[in-house]
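Let the sequences and hints guide you as you build the complete structure.
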Amino acid sequence: MLRIGICDDDQYICTEMERIIMEYRKQVCEELTIDVFSSGEELCKVLTEEETFDLLFLDIEMKQINGVEVGRFIREELHNDILQIVYISGKDSYYQQLFDVRPMHFIHKPIDADKVKKDIDKAIELFGKLGNTFCFIQNNNYYRKPIKDIIYFEAYGRQVKVVGVDEEYFYYGRIKEIPKKLPKAPFLFIHKSYFINYHHVKRFNNQEVTMSNNRVLPISRANKDEVLNYLLESEKEEK
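All residue numbers for the sequence shown refer to this note's numbering, where the first residue is 4 and numbers rise by one.
Treat the hints loosely; a few may be bogus.
Said to hold, decoys possible - Listed next, with one range per pair, are the computed distances between beta-carbon atoms:
| hint | residue 1 | residue 2 | range |
| --- | --- | --- | --- |
| 1 | Leu129 | Gln14 | 28 to 36 Å |
| 2 | Leu235 | Asn143 | 36 to 44 Å |
| 3 | Arg218 | Asp117 | 49 to 57 Å |
| 4 | Lys94 | Arg161 | 36 to 44 Å |
For the record, the hints were derived by calculation from the structure and aren't laboratory data. Backbone N, C-alpha and C define an ideal beta-carbon position, used for all residues, glycine too.
Below you can see the structure in the form of structure tokens.
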């Protein structure tokens with residue numbers, strides 16, 4: 004699934020971009036999510052507090068925080084070099100300013116639908132090469148971790164604990180939102196506080212699972228039947 008952001012203070016441009024992207028989604032049957040922002044301030048707040056995107060169509064000429072400043076914030080403050088930025092502008096005078104932001108492309112206004120679709124194609128190809136990953140922000144640093152290297156997620160107050168094969172991470176968020184970001188990943192809830200990667204299960208019984216890092220996690224009564232059926236069926240498929 005490709006997550007796309009649109010940021011422009013011109014409502015007409017936002018509507019047109021969204022229409023083009025939705026048309027693309029119907030044509031190629033690709034899983035895409037679209038979020039629209041009308042200001043650089045709004046976008047920066049979301050990127051800092053909630054989540055990021057894979058591809059961002061970003062207007063340059065916005066009031067207060069312009070697109071160049073947003074791009075620098077993404078690269079220098081969030082340390083996110085993976086998010087692909089496509090700038091939108093009616094002028095050619097920004098090329099030198101955009102050098103440090105390292106955009107994927109530059110689209111002139113009025114918007115050319117074919118160019119937008121080609122940029123989405125390019126992003127899908129790029130992230131396909133990166134493989135299945137999960138993205139989050141910890142202490143203003145952006146992380147993209149391979150799904151295969153995540154053992155489980157744990158609800159930790161207002162944060163989510165990401166337990167990986169190498170180390171542990173924390174980010175502000177809700178564990179119940181994770182399945183939306185990983186619709187086809189081999190994860191399941193064994194408890195309202197634990198979302199585990201099936202491929203890291205070493206053994207299990209009707210009360211608990213032992214993960215690849217030897218951590219023993221409880222299976223809740225509410226989830227027991229569903230969890231056991233899933234684990235047993237998955238074992239059969241692998242034999």
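Looking back at the hints listed earlier, which ones does the structure fail to meet?
none
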